[in-house]
Amino acid sequence: AQSVTQLDSQVPVFEEAPVELRCNYSSSVSVYLFWYVQYPNQGLQLLLKYLSGSTLVKGINGFEAEFNKSQTSFHLRKPSVHISDTAEYFCAVSERGGSNYKLTFGKGTLLTVNP
Amino acid sequence: NAGVMQNPRHLVRRRGQEARLRCSPMKGHSHVYWYRQLPEEGLKFMVYLQKENIIDESGMPKERFSAEFPKEGPSILRIQQVVRGDSAAYFCASSLDRGLDYEQYFGPGTRLTVT
Numbered sequence: 041a042q043s044v045t046q047l048d049s050q051v052p053v054f055e056e057a058p059v060e061l062r063c064n065y066s067s068s069v070s071v072y073l074f075w076y077v078q079y080p081n082q083g084l085q086l087l088l089k090y091l092s093g094s095t096l097v098k099g100i101n102g103f104e105a106e107f108n109k110s111q112t113s114f115h116l117r118k119p120s121v122h123i124s125d126t127a128e129y130f131c132a133v134s135e136r137g138g139s140n141y142k143l144t145f146g147k148g149t150l151l152t153v154n155p
Numbered sequence: 462n463a464g465v466m467q468n469p470r471h472l473v474r475r476r477g478q479e480a481r482l483r484c485s486p487m488k489g490h491s492h493v494y495w496y497r498q499l500p501e502e503g504l505k506f507m508v509y510l511q512k513e514n515i516i517d518e519s520g521m522p523k524e525r526f527s528a529e530f531p532k533e534g535p536s537i538l539r540i541q542q543v544v545r546g547d548s549a550a551y552f553c554a555s556s557l558d559r560g561l562d563y564e565q566y567f568g569p570g571t572r573l574t575v576t
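Residue numbers (the numbering used here), protein chains in the order written: chain A, 41 to 155; chain B, 462 to 576.
Bound conformation, chain A alone (with noise of 0.2 angstroms):
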C-alpha cells in the first residue's frame, strides 16, 4: 500500500514569488509520481509525471518537481507565481505494474497567490 503526505494545507504567496508545495511518499514498491491542480468547480488535472529517467520533470504552465528517491520527495516548484495558479494542487502515486491506474492522492495543498 502507499500514502501520500502533503506537508501543507495551504500555502499563501504573492504574484511572482517562487513556490515550492511538498510532497513525501511511502510505498514498499517502487511508484510512479503525478501532481495535478484543481481549479474551483473543475476536475482535477494533470500537470507532470514521473514514470522514469531525468529526476526533473517539466509540466505545464511553467512548473517542474524533482524525484527525489532517497528523500522519497517529490516537490512541485515554481520561479514565478501568477495569480491565475490559485488552485488546490495534489500529490499522488500509483504502483509499477499492472494496477498503475490505482491514484493514491495527498490531501492537498491550496495555493493562493496575492497580488
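By construction, these hints were calculated from the structure, which means they are not laboratory data. One thing to keep in mind: the hints can contain errors.
[Said to hold, decoys possible] Pairs of lysine to aspartate or glutamate, DMTMM-like flavour, derived with a Cα cap of 20 angstroms:
1. A:K142 <-> A:D125
2. B:K512 <-> B:D558
3. A:K98 <-> B:D558
4. B:K488 <-> B:D547
5. A:K142 <-> B:D517
6. A:K109 <-> A:E128
7. A:K89 <-> B:D558
8. A:K147 <-> B:E502
9. A:K89 <-> A:E106
10. A:K142 <-> B:E479
11. A:K142 <-> B:E533
12. A:K98 <-> A:E128
13. A:K89 <-> B:D562
14. A:K89 <-> A:E104
15. B:K505 <-> B:E533
16. A:K142 <-> B:D562
17. A:K98 <-> A:E56
18. B:K512 <-> B:E529
19. B:K505 <-> A:E106
20. A:K142 <-> B:E518
21. B:K488 <-> B:E529
22. A:K147 <-> B:D547
23. A:K89 <-> B:E524
24. A:K142 <-> B:E529
25. A:K147 <-> B:E501
26. A:K142 <-> B:E502
27. B:K505 <-> A:E135
28. A:K98 <-> B:E564
29. B:K532 <-> B:E502
30. A:K89 <-> A:E60
[To be verified] Far from chain A, some chain B residues (derived; all Cβ distances over 12 angstroms):
31. K488
32. K505
33. S527
34. L561
[Unchecked claim] Just the calculated beta-carbon pair ranges, DEER-fashion:
35. B:E524 <-> A:I123: 43 to 51 angstroms
36. A:N108 <-> B:E502: 23 to 31 angstroms
37. B:G534 <-> A:L47: 37 to 45 angstroms
Beta carbons are placed, not taken as given, at the ideal position from N, Cα and C, and that holds for glycine.
Given the structure of chain A, go ahead and fit chain B onto it with the hints provided.
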C-alpha cells in the same frame, strides 16, 4: 469536447436512503474510475470499470456500494442505506485506454452529505 460530467454536484441524503451518483465520461472514453475523498483525507481509488465490466473493485467497501457502466448511458455509483460515514466527495475519472500513456481526466466531483 466536453469534459467529464458528474451529477448531481451536491447531494443530501438522510440515513438509510439510497444515493445514486452519475458520471458521464469524456467522448470516446470507455474506461471509468471512481475515487472517494473522505473529510481530511486524500482521494482513494474505489473501482475501475470498462463498458459492461468491472475490472477492479478492490477499493470498494464490501457492503452497500455498487458500481456499473452500462453499454449506453453514464456510469453509476450506488450507495444503499447511507450512513453518516459515507459523507464525502466522490470523483469520477475517465481515460481513452488503460495504461500510463492514457491520462485520467477527472470530473468536478459530487459532494454527498448524509444527515
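List of violated hint numbers, smallest to largest = 1, 3, 4, 6, 10, 11, 15, 19, 23, 29, 32 and 34
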